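J.: The residues making up each chain are set out below.
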Amino acid sequence: MLTKELERAGLPTSHICALTPVAQMVGSNRIIPASSVLHPVGDPNRDPAAEKAFRRGIVEEAIRHLQDQSNG
Amino acid sequence: MDERNLQSNREFKTHRSPVLSDSDNSMLNGVRIHGKEEDKMVGKPLRVVHYLNQFFGGIGGEDKAHAEPQMKMGPIGPGKAVQGAFGDQGKVVATIICGDNYFAERIEDATTEVMNLIKSQQPDVVIAGPAFDAGRYGIACGAVCKRAQSQLGIPAVTGMFVENPGVDLFRKDVYIIETENSARRMSDVISKMVNIACRLVAKEKIGKPSLEGYFARGYLRNEVSDRIGAERVVSMLLAKLRGEPFQSEVPPPKYDRVKPASGLKDLHAATIALVTDGGLVPKGNPDRIQAREATRFGSYSFKDTDGLNPDDYEVNHVGYSPVFVLQDPHRLVPVDVMLDLEKEGIIGKLHKKFYSTAGAVCVVENIRKMGQAIAKELKEEGVSGVILTST
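These protein sequences, in sequence, are chains A and B. Under my numbering, read the first sequence as residues 1 to 72, first letter to last. Under my numbering, read the second sequence as residues 1001 to 1391, first letter to last.
Hints are not guaranteed to be accurate.
Unchecked claim - Reference excerpt, derived from the structure (chain B facing chain A, CB under 10 Å, subset only): (1) 1265; (2) 1327; (3) 1383; (4) 1386.
No wet-lab data here; the hints were simulated from the structure. Computed from a prediction, not measured in an experiment: that's the story for all the values here. Beta carbons are placed, not taken as given, at the ideal position from N, Cα and C, and that holds for glycine.
Could you put together the complete structure from these sequences and hints?
T.: What follows is the structure, encoded as structure tokens:
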């Protein structure tokens, strides 16, 4: 719901979330699957450096979606 | 004789309120009163005031839509059907007539002016319209009814067509009988309106919207069923699978779709902000954001050197276990990675505040308002794109 109001105001918004079917149902436009409900952009099973690299991968994908012009 | 017996006899001799006919036809039958002769609630007829627009009030058409509120004694036009529906139980003592444009152009003030006239008659009940599909009239009827209820504490009932804007504006506050989009079935509609009004005066329970013919007001009421929930839902499912009609007990919400905003054309010039609904807040939750059904959000600055220090934050959110996020808040709000991207020149700027609320068991309307408020602030601060992280 937050993402829709932000988009409505003209701010492209990438939604990193664990429950992607909910985001689809509610209507977020740019959905990126999160790592987990408990750590959307993290992974405690990895060592800190690897976890940060993993986090960066998800964030970079979110940024790519911000540039998406389709249907815009 | 046993004294206890005497007492119980007395207890059964209760007063019964008038029970009205359930028939859909006009109220010409009047009222059937139950109970013994001495138990009959004989009272004076209810004092009824009727609100009409300039057209139904007989003073003119669009040419008179600017007419100021005026009062005429007794029933006028459709008021005569209202009087007929009340029969002996009510007397339409006065009719207030107001032009649709006069009202629409100054809704609050016009409502007050109309209320002053209504008040002077000391009514027991107000009937407005019905307005059918006339939008300005529907808004006036809804406004008058709502104010009569809150200011005078008396029942007020109206009637409208489903597409009348007055329906969505006032259905939560006022009983609005559903009508067609023309005045063809005026007397049927008036019968239903008067029927509900009388029962409201007698403080009787009003049944389900679909049965009684009014627009659902948004209340969920518990009632006892002859079958347990599991049986009811399975039979609904079987009906659905067979392609048979079924009635959902709780209709699912409908979500609108929003056209995506234009994508960022130049990442190097963009300022990106982080927003979360994972409930990350500074220790002590200074803005007292609620952990569920949140109505508030906060914006929290961070230094571009450090990112988010776990000692400075806590999680306020009933919907997930915050253990991992408390160890490292970047697992929810990726400030560290975004700072790197900014330093490397891949993005123009990271906005040095993150926005936060708790997205647990939220009321859609509250989230909408928060989203609008956050968007406004972000735009004022020159943000061009957002990454929102949810648990």
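J.: Compare the structure with each hint and give your call.
T.: Evaluated hints:
Against a cut-off of 10 Å between C-beta atoms, the interface hint on residue 1265/B holds, since the closest Cβ of chain A lies about 8 Å away. Taking 10 Å as the C-beta contact cut-off toward chain A, the hint placing residue 1327/B at the interface holds, the least distance being around 7 Å. This hint holds: residue 1383/B has a C-beta 7 Å from the nearest C-beta of chain A, less than the 10 Å allowed. A hinted interface residue such as residue 1386/B counts as satisfied when its beta carbon comes closer than 10 Å to some beta carbon of chain A; here the least separation is about 4 Å, so the hint holds.
When the structure is compared with the earlier hints, no violation turns up for any of them.
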